[in-house]
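Mind docking chain B on chain A? Use the hints.
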Amino acid sequence: MKSRMVTIDDYGTYETAWCPGCGNFPILNTVKQALVASGLKPHRVLLVSGIGQAAKAPHYINANIFNGLHGRALPVATGAKLANPELTVVVESGDGCVYAEGGNHLLAAIRRNVDLTLLVHNNQVYGLTKGQASPTSEGNFVTKAQPEGMTSYPFNAVAVAVAMQAGFVARGFSGMIDHLQTLIQQAIAHRGFSLIDILQPCVSFNKMNTFAWYKQRCQVLPSEYDPTNLEAATKTAREWGERIPLGLIYRNERTVFEDRFSALDRGPLVGQEVDLEKLTEIMEEYR
Amino acid sequence: MSDGSFNILIGGEAGQGLATIGELLAKAFGRGGYSLVTTSTYESRVRGGHSTVALRVSAEKVASPSESFDLLVALNPETVKLHRKELSAQGLIILDEAFQVDDEACIRVPFKELAKGKFSNIAAVGVVGFLLGLEEQSLLGVLVDFFGKKKPQLAGENRETLVKAFRWAAQLPSSFHRKLTLISDPAPRLVMNGNQAIALGALSAGVTFCSFYPMSPATSIAIGLIGKARQMGLVVEQAEDEIAAINMAIGASFAGAPSMVTTSGGGFALMVEAVSLAAASETPLVVVVAQRPGPATGLPTRTEQADLEFVLHAGQGEFPRAIFAPGTIEECFHLTRKAFELAERYQGPMFLLTDQFLADSYRAAVPFDLKSLSPIQPGSEDDISSPYHRYTITDSGVSPRLLPGRSEHLVVADSHEHTEDGHITEDLSMRKRMVEKRLRKLEGIRAETIPPDTNGDVNPELLLVSWGSSKGAVSETASRMRSKGRTVATLHFSQVWPLVGEQFSEAIKGAKEVVCVEGNATGQLAGLIHRQTGFEIAKRVLRYDGLPLTPESILRELDRGEE
Numbered sequence: 001m002k003s004r005m006v007t008i009d010d011y012g013t014y015e016t017a018w019c020p021g022c023g024n025f026p027i028l029n030t031v032k033q034a035l036v037a038s039g040l041k042p043h044r045v046l047l048v049s050g051i052g053q054a055a056k057a058p059h060y061i062n063a064n065i066f067n068g069l070h071g072r073a074l075p076v077a078t079g080a081k082l083a084n085p086e087l088t089v090v091v092e093s094g095d096g097c098v099y100a101e102g103g104n105h106l107l108a109a110i111r112r113n114v115d116l117t118l119l120v121h122n123n124q125v126y127g128l129t130k131g132q133a134s135p136t137s138e139g140n141f142v143t144k145a146q147p148e149g150m151t152s153y154p155f156n157a158v159a160v161a162v163a164m165q166a167g168f169v170a171r172g173f174s175g176m177i178d179h180l181q182t183l184i185q186q187a188i189a190h191r192g193f194s195l196i197d198i199l200q201p202c203v204s205f206n207k208m209n210t211f212a213w214y215k216q217r218c219q220v221l222p223s224e225y226d227p228t229n230l231e232a233a234t235k236t237a238r239e240w241g242e243r244i245p246l247g248l249i250y251r252n253e254r255t256v257f258e259d260r261f262s263a264l265d266r267g268p269l270v271g272q273e274v275d276l277e278k279l280t281e282i283m284e285e286y287r
Numbered sequence: 001m002s003d004g005s006f007n008i009l010i011g012g013e014a015g016q017g018l019a020t021i022g023e024l025l026a027k028a029f030g031r032g033g034y035s036l037v038t039t040s041t042y043e044s045r046v047r048g049g050h051s052t053v054a055l056r057v058s059a060e061k062v063a064s065p066s067e068s069f070d071l072l073v074a075l076n077p078e079t080v081k082l083h084r085k086e087l088s089a090q091g092l093i094i095l096d097e098a099f100q101v102d103d104e105a106c107i108r109v110p111f112k113e114l115a116k117g118k119f120s121n122i123a124a125v126g127v128v129g130f131l132l133g134l135e136e137q138s139l140l141g142v143l144v145d146f147f148g149k150k151k152p153q154l155a156g157e158n159r160e161t162l163v164k165a166f167r168w169a170a171q172l173p174s175s176f177h178r179k180l181t182l183i184s185d186p187a188p189r190l191v192m193n194g195n196q197a198i199a200l201g202a203l204s205a206g207v208t209f210c211s212f213y214p215m216s217p218a219t220s221i222a223i224g225l226i227g228k229a230r231q232m233g234l235v236v237e238q239a240e241d242e243i244a245a246i247n248m249a250i251g252a253s254f255a256g257a258p259s260m261v262t263t264s265g266g267g268f269a270l271m272v273e274a275v276s277l278a279a280a281s282e283t284p285l286v287v288v289v290a291q292r293p294g295p296a297t298g299l300p301t302r303t304e305q306a307d308l309e310f311v312l313h314a315g316q317g318e319f320p321r322a323i324f325a326p327g328t329i330e331e332c333f334h335l336t337r338k339a340f341e342l343a344e345r346y347q348g349p350m351f352l353l354t355d356q357f358l359a360d361s362y363r364a365a366v367p368f369d370l371k372s373l374s375p376i377q378p379g380s381e382d383d384i385s386s387p388y389h390r391y392t393i394t395d396s397g398v399s400p401r402l403l404p405g406r407s408e409h410l411v412v413a414d415s416h417e418h419t420e421d422g423h424i425t426e427d428l429s430m431r432k433r434m435v436e437k438r439l440r441k442l443e444g445i446r447a448e449t450i451p452p453d454t455n456g457d458v459n460p461e462l463l464l465v466s467w468g469s470s471k472g473a474v475s476e477t478a479s480r481m482r483s484k485g486r487t488v489a490t491l492h493f494s495q496v497w498p499l500v501g502e503q504f505s506e507a508i509k510g511a512k513e514v515v516c517v518e519g520n521a522t523g524q525l526a527g528l529i530h531r532q533t534g535f536e537i538a539k540r541v542l543r544y545d546g547l548p549l550t551p552e553s554i555l556r557e558l559d560r561g562e563e
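These protein sequence lines are chains A and B, in that order.
Residues in the first sequence are numbered consecutively from 1, following the numbering used here.
Residues in the second sequence are numbered consecutively from 1, following the numbering used here.
Do not rely on the hints blindly, as some may be mistaken.
[What the hints assert, rightly or not] Taking lysine-lysine and the DSSO-like style, the derived pairs with C-alpha atoms no more than 30 Å apart in a straight line are:
1. B:K116 - B:K179
2. A:K130 - B:K432
3. A:K215 - A:K235
4. A:K278 - B:K179
5. B:K61 - B:K85
6. B:K484 - B:K512
7. B:K228 - B:K85
8. A:K278 - B:K371
9. B:K179 - B:K228
10. A:K278 - B:K151
11. B:K164 - B:K179
12. B:K61 - B:K371
Since the hints were made in silico from the structure, they are not lab data.
Okay, chain A solo, but in the shape it has when bound (with noise of 0.2 Å):
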């Protein structure tokens, strides 16, 4: 795989269209560290993601990019995934976009369990659209579109998950950078579908969540922690509040997605022929 090393200069330097402060920045640089202590280089990588500020995330980083739609990163990052498995396929995209107007496809994405990383900036605001309540953000919570506070109580992304036994459970935050760049790797060495939410500040409309607010709260689990647990990774999922706790809660190795389909045994779908001498067969059957 490493014909030379792979640099942190292979994955670019892009200028940005964030606010300066933005907690997407250290999250940025953390992907790129990432990837390259992964000996992954630009060209194995596929990231995809769909709308937001978060979303815009892999057009400053210099490998395989697919940016789609609102909310439908990860049906397109499971197409491209089971078209070439060869590819390291990671999601990038923000609280709104996965949880939100992607709620559905995150739930069959888990049950799937298909391989591959899904990066959510948790900022539990809308930034690119100024301001609006995301599904994370919490009860007194006060924006222009929900000027009485929040209406619907708050998505727990990871609770949701642990419930589902998905593969790879884990949350970081943007202001503990090594801790989330450990988390990264981890979960793109994972097979299987891993999430990773990671708190952020949003500087320009979070006024609640500020970065004090997180890094008084967050608490990284303690080494004995068992991950494999499924009764004390329940109750640590559901754990929010003056202790918010960091690392990977959750860990379930099952079945991989792409394995389940004989047609991947010989390979990509990509590049295969099409075997003629069968599909005659295959129209012998209607005479």
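Relative to chain A, chain B alone:
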């Protein structure tokens, strides 16, 4: 019938095995070298209700259903009540001897005795087969092939029933015989329905990925592909919804798998945003829309041609597309291939517009010469100098399409307006150039447009214009009128977009009267022709009661117009 065709209607409840009767007889007649058309009508339920399978068969070519029957196979008394009036003067009714039906045309079959109360449908095949002159061995051959592989034990029991029923029918007086002209040394024929032909066409084009959400009448295409997935090496995935289905197919196609989605109007409505994504990201995609009557849930199991304008305009923004509308089994096969070829060549969404009637209609077709047809080759040659730009602006509008991970080049695709290298842009001059680049592809697509089929008299007093699945019905309408001394021609569209006026304006101008025949309530093709050519077809024959167009239904409307 007077034209030499023989028309059978099988009626009963869902769950009585009507489809099996239709399929077995269709296969047997196909092997005998006959031309045939079946028409299925059913309700949106699994058991009960009223369903029919009509089978029209002839030693001469038939391409359309007809409303007058020569034989009624009544699996319940209701069938007689509902369809007695459609029976021709010499028509016969086959029914269970236990039914309280008082009718001279009846052949009362002891189904209980012949079929042990279990396989009445197979017994009916035996009786019909004998009366129409099929051979016992040929019927048995069809039966074994039908059940043989899947359920060998069922084949045994069915075999016994079939033989008993066939021999029972042999003792009937010869006044009941309706032997068809025997075809000596019949050429090989495939017997398949529209959806099976679409699946076969897709396989021959090289489809390796299909995603779908179940929806009548499209589901059987995906199910047909799933049945061959292991053998042919393709992945078919039932998605969580239609939005996921189409986005998955776009992802798969981006990564190099020739991809298709199959759906009907309501499901397609959910796919619309991603149709636009396929266009913006310039990703090849074949979308099959099997129409059924709307609006909303409409009549889920019936037929209509009312989604032409919907499919033509689906998707935000402006981008090129082609829409094919097959009218025969052969067209289902070849136009599916053509859609795949165009999708790959012009890198965008291409459509196949079929409907319930054609989807479920079995026909006999000459086997396809698969080995002479080449599958598509996804992606361009990767000997391109770095840096590779996915959306390089070219004269044709088509840019080299590399596949991610297949070379060291990086492939960047985007739904935003983008630069040549695939990144988001707000550069408005670039925006303009990209719009023009994408639209230039329409010129290529336009140059490849299949011209409408013109048939019949030159400068006729009547020209019938039609599209899609009504091809056979309209063509038969014209020949029936010609046999009565009228000069009639047909102009039939198997590709409805792009609509190239020069291809057919002569034909329209030469006709004394032009009538557009469509399976919808507003005359969508007529409207499109008007918009594109300025020619207004004021007279229309429109059917929108959920049933397919037939020569009788068209002639009735034409007569009414002349009163």
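Do the hints match the structure? See the list:
no.: 1; hint: B:K116 - B:K179; in the structure: holds (28 Å)
no.: 2; hint: A:K130 - B:K432; in the structure: holds (28 Å)
no.: 3; hint: A:K215 - A:K235; in the structure: holds (21 Å)
no.: 4; hint: A:K278 - B:K179; in the structure: violated (38 Å)
no.: 5; hint: B:K61 - B:K85; in the structure: holds (26 Å)
no.: 6; hint: B:K484 - B:K512; in the structure: holds (18 Å)
no.: 7; hint: B:K228 - B:K85; in the structure: violated (43 Å)
no.: 8; hint: A:K278 - B:K371; in the structure: holds (11 Å)
no.: 9; hint: B:K179 - B:K228; in the structure: violated (37 Å)
no.: 10; hint: A:K278 - B:K151; in the structure: holds (23 Å)
no.: 11; hint: B:K164 - B:K179; in the structure: holds (19 Å)
no.: 12; hint: B:K61 - B:K371; in the structure: holds (27 Å)
Of the hints listed earlier, those the structure fails to meet are numbers 4, 7 and 9, in rising order.
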